[in-house]
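Kindly produce the complete structure, drawing on both the sequences and the hints.
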Amino acid sequence: MPRTSSTSRSVTKASPLHARVLKPESHLIEKEPYYEPLGDEIALFDAAYASQIPVLLKGPTGCGKTRFMEYMAWRLKRPLITVSCHDDLTASDLVGRYLITNNETVWVDGPLARAVRCGGICYLDEVVEARKDTTVVIHPLADDRRILPMEKHGELLQAPKEFVLTMSYNPGYQSVLKELKQSTRQRFIAIEFNYPGAALEKKIIMTETGLDEGGADKLIRLAHMTRNLKGNGLDEGASTRLLVHAAKLMARGIAPRTACSGAIAEALTDDPEMLRAIDELASSLF
Amino acid sequence: MASSFPLTEAELDDLLDYLLGPVLSSRRTAAPLARLLAPMERHLQDFVLHWIEIIDRTNYELAYQFAAAAPQGLAQLDIASAEAWIIEAMDTYDREGLYRGSAVFKNIGDFAERSGEATEAVSFADVTQVLQLFVCGLSGRRLVLDTAPRPYTDTETLFLPPRIALLPSREENFFIYKVITSLLWAQGRFGTFNADLEAACAAYEDPGHALQLLNTLETIRLEACISRTLPGLAREMQKLRETNTIDARCASLAASAATIDDSIALLSQVYADMKPMQYSYAPVLQPAQAAAIRKARLAKEKNDFQSALAQLLEEKNGGVASQPPAGERFSLKPADPSAENSSGSYELKLDGKPVAPPGNVTQIMDSILQDLGEIPEEYLVAAGDGGYRQNQRSEHDPADVWKGTYHEEGAFFYNEWDSKRRHYRKNWCVLRELDVHPGSTGFVETTLVKYAPQVTQLKRTFELLRGEDRLLKKQSYGDDIDLDAVIAAYADMKSGMELSDRLFVKRHKAERDLAVMFMVDMSGSTKGWINDAEREALVMLCEALEVLGDRYAIYGFSGITRKRCEIFRIKRFDEIYDDAVKTRIAGIAPQDYTRMGAAIRHLTMLLTRVEARTKLLITLSDGKPDDYSDNYRGEYGIEDTRQALIEAHRSGIRPFCITIDREARDYLPHMYGPVNWTLVDDVTRLPLKVSDIYRRLAT
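Top to bottom, those sequences are chains A and B.
So the first sequence is residues 1 to 286, counted in my numbering.
So the second sequence is residues 1001 to 1699, counted in my numbering.
One or more hints might be untrue.
Per label pair, the in silico range of CB-to-CB distance [stated by the list, open to error]:
1) A/162 with B/1463: 44 to 50 Å
2) A/213 with B/1252: 25 to 31 Å
3) A/255 with B/1270: 36 to 42 Å
Below, computed lysine to any residue pairings styled on SDA-like, alpha-carbon distance capped at 25 Å [to be verified]:
4) A/203 with A/244
5) B/1474 with A/98
6) B/1506 with A/101
Computed far set for chain B versus chain A, every beta-carbon distance over 12 Å [unchecked claim]:
7) 1084
8) 1202
9) 1363
10) 1460
11) 1463
12) 1529
13) 1654
The set of hints was computed from the structure by calculation and includes no laboratory data.
For every residue, glycine included, the Cβ atom is placed at its ideal position computed from N, Cα and C.
Listed below in structure tokens is the structure:
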């Protein structure tokens, strides 16, 4: 089964040994997730949602695509059902399958079918990782038919108007082998994400982690240096997420150079020379 | 030479006469050399003679210089360092010629001194990789690193000393490298060359001294800039410096608004009495070189920027290039004027509306800003329709290189293995990728007609090999229920046995994840029917591979001398098998020689860029590696090729060779390994055999 998750920012009061159990299709995000708009993506998403057009989020890793989805789920007050796609993800993992209980076969909905039934937001994370035949099952759902055929079950699910299909995709590092098919991508409205500008990124880091302004400034400069290295040995520069990680460590009193080495350099690469170079850049700043 | 008695002077004289004959004369005989070598121990004599023989292959005069320097050298160095000394001399010879190469042998003291401190010393080669990345991270502009006796920059290349051994630990010596690199980077970044430095110094009595002083002032200014942008580095630089006293008059240079003009203005005040700084690692200024490069870059970037603007306009107007109507103009405004590091973050506007410049334009803008501090008005005019757009022509058209004066721009450089030295000759081969001149369109059709029955047969065989979906039964996890298994399990359960959990069927696609590179010999010796057979073989192969669906590329190789290795593109991995490829296959024509090492290294590089579980490099060859000069023919070439194949193997590539040379048994097993080659002794059967061999190899 695919990993399905519903993320919650709310603080749980349950016993510390037991994680809270949530039903993705009935759980709503209660607390407003922290999100800084980069452009007019919120308005665009709102309009697409109202027009019942599916949405494709493009952008490098760690730039806020998933956070944006959480924010929109909160804003639209719909449950968010996330499916992390991987190369073993089959069509029945998404739609559903028969299982056997009590001498009987029982149909169990997959996450996509559940999202359609409850009129939620289905978010296919890293969709290119899924096999090509799997991505095709979303086609009837992603155009104006808005139906999910469940062949094995002999049913057609007509999506309610609250349902929206979204998926994310990182055009940067994908190999030529893993490209999104035209027939898939042309069914979506695409919203491009990128790393926020320096001032905005600083604000995000400070709000998320409580790090002081000086530290945040230096982290952002380090991020720009690693982004300069993209294509020169790095596949990606440091994402906003990595900066937040480093800032969290720093805010807890870890020495900045150690924090950057652990949260940024080691996370970006295994190449000893590249590690050394990023460490040198970090030590030049801090 | 098993005896342990030293050779006598007379014996040595004879041997040296033989080895160094070409550079000896009646006035320069082997006798004095023999006299010096005679008292040495036998194993040292053997060592010297052995290396003289090896250096002979490179240059006789260099060998003579070695013989002359050897007694003294071996007295000071142990055998391992002596080898390093010889290799350094030969590398220097390869790079800079006989004079410099001999100098390494003559200045044995220099080398001994350096090798004494070798444990602490850091050499340029040790740090290049890290510093290259470091400086790339620092700057938006791509900078190249190179060596020079005194560090300086021409604004595009940072020249660093070849080695540093000033401080007692490697760590600290590396740090000096880092400091020099940062200072040189700062010279470009903070606009040291944004004024005419030569003119500024020319007015003084001693312009050289003035330039030195200006350098000192600039270093003070740049260190202040560094301490603002890179505080961590500045803190450590502080530790490095012995004295901390900065002339009080220079205090103004530490202000963030200070520019090169302030340094020039200050120069007149301090010229009389200030002493230039005396760090041994301090960079020097080379204003003439920097100015020339800067000027060329400015012109190029202005052009690039304007062309890019024109392209933006074109896109906006829906692909129609048109002169902008009056009033439609680009404008720039700083995106965030409050931020201190606002350089580079300009917002480009068209008709008052912001436009997002593509990544490369942002880079050009950043570079212009570094040079000029702003983007002048006249830059913001899009290049006109009829205007001369430089970038419409590729700057480095490899074919043109040979038409004009010889230079090595736009080429690939590859090391070559010298088996005698047991070291690489660095950047020894200059390789270029060229296009095959397309041949006639009919060739492929004729071939297909000629071999029609075989082609049908071939297609059928390869179709069978194609990975098909297989249904795996009794899986613990799968797409669907395996009814047979469920029934069996149900029965099991009823009879009280354990219930199996393997109740599903899974569709499993046996995917072929394979990339294959064909490297075709295009040497002069293939002329005639070998060439025809090669081309026909490629046609058949393409037919088969198209059926099979494997990714494949075809490149030809040839060349003459190490300065002119050539790789011919026939089909790239990302190209489809279309008419253009077909005419290129038809156009494969015999060229010059076969310097295989460089070709293998280049194709290995191309192949490593492809993502595939299995990577094959298949060579179609007609004989030994061979080249016009440098003794490539014979052992040297075979060993270099072998080394290149070992490198390929290391990067996860499986090399294989198909040859028509009947003597291949003598050298191919050594190069490719005992099983990774095959001989097709009947050339006419090559077209049929190649696909067959591929089938055996890749399925």
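Hint check:
1. A/162 with B/1463: 44 to 50 Å: With Cβ atoms ~49 Å apart, the hint holds.
2. A/213 with B/1252: 25 to 31 Å: holds, 28 Å
3. A/255 with B/1270: 36 to 42 Å: holds, 40 Å
4. A/203 with A/244: holds, 11 Å
5. B/1474 with A/98: Answer holds: residue 1474 of chain B to residue 98 of chain A is near 16 Å, not above 25 Å.
6. B/1506 with A/101: holds, 20 Å
7. 1084: Label holds. Min Cβ-Cβ 23 Å, cutoff 12 Å.
8. 1202: Residue 1202 of chain B clear of chain A: closest Cβ-Cβ about 36 Å, beyond 12 Å.
9. 1363: At roughly 10 Å from the nearest Cβ of chain A, residue 1363 of chain B sits no farther out than 12 Å, so the non-interface label is violated.
10. 1460: holds, 27 Å
11. 1463: The assertion about residue 1463 of chain B holds, with a minimum of 21 Å to chain A.
12. 1529: holds, 38 Å
13. 1654: Given that every Cβ of chain A is farther than 12 Å from that of residue 1654 of chain B, nearest at about 20 Å, it holds.
Hint compliance for this structure: hint 9 alone is broken.
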